[in-house]
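Hey, can you work out the whole structure from these sequences and the hints?
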Amino acid sequence: MVLSEQDRRLIAEIQEGLPLTSHPYLEIGSRIGASEEDVIERIGRLQASGIIKRMGIVVRHHELGYTANAMVVWDVPDERLDDIGMRLGNQDCVTLCYQRPRRLPDWPYNLFCMIHGQNKERVLHTIDALVDSQKLGDIPHKVLFSGRRFKQRGARYV
Amino acid sequence: MSTPAHIIDQNLGHREEKLELQLNDLEKKLLNEFQKGLPLSPTPFADMARSLGTSEALVLKIVKRLQKSGVISRVGPVIKPKRIGTSTLAAMAIPEDQLEAVADAISAYPEVNHNYEREDQFNLWFVVTAPDQSHLDKILKDMELRTGYQVLNLPLVKPYHIDLGFPLWC
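In order, the protein sequences belong to chains A and B. Position one of the first sequence corresponds to residue 2 (this note's numbering), numbered consecutively onward. Position one of the second sequence corresponds to residue 22 (this note's numbering), numbered consecutively onward.
Keep in mind the hints are simulated off the structure, nothing from the lab. Model, not experiment: these values are computed from the prediction. All clues stand as given, with none of them false.
Counterexamples of contact, computed for chain A against chain B with all Cβ distances above 12 angstroms:
#1 Gln7
#2 Arg32
#3 Gly34
#4 Pro78
#5 Glu80
#6 Val132
#7 Asp133
#8 Lys136
#9 Gly138
#10 Asp139
#11 Ile140
#12 Pro141
Output of the computed footprint for chain B on chain A, the stretches with three or more beta carbons under 8 angstroms from beta carbons of chain B:
#13 14 to 26
#14 52 to 64
#15 85 to 96
Virtual Cβ for every residue (Gly too), placed ideally from N, Cα, C.
Here you go:
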């Protein structure tokens, strides 16, 4: 989808958050010279085209006390990768799930998922429960908890 | 008997810190329900209130309070990062006593936007973005030459998850 100038101005206005008022789209519209109806219709189109992945309340999990973050990497036989990847990706507790290449001999793991929790014990418990419920006992995995953050820069669209 | 002032302060500070994280049932429900999506209507907060069985004024008050305390980053879009080019996740195995120095060298590349430690033999993880594959390969090579350590290049092959926000019940 090609973004029009009006789409860009709209994204620039809403990417930091909607105004917390009864009619947020009316206010956004007044800033960019569009009607409330037009703003809603454009947001709907940007969602349908995938540029807006979702509109919602965006929480900071660190501030909510979810400070433990584990990357769990699995060495899945290639023929079972799609099945296991899709099942893990659909679990409530899994926030990201990707296939990445193996780099043998140092790195045999080809499936990566991210699990957040309030502390390491709870995250490890969640992982144990996943291994149980998804019958992954025969899939080698390892858990990499995050430590210091050296650099973090958020993505912006416009 | 009076309590020394500094101890009272400590206690208050502690209690306030705990209070920030304590959400009531309505607040939890609000966060859980509406991370996934907002009603795309002229009055999203009134619609949210209706589905929660409360008032628009209270929903706005809660959202404002949680935004002020930092729990809510924003009520708005999660936007697909602009992909003008290519990116990869990379990792390095660095001896502990050199980790900070190597991390600084990696962070200094403008092509790196996330760079963090993980508890593993591969203890430095970072995301590199570049306009094209040859530029990306050049950066990774340069990192190896500059630091003297090998880079594990782990680009995304296939995504398996659906982004529905952050699960608060795990």
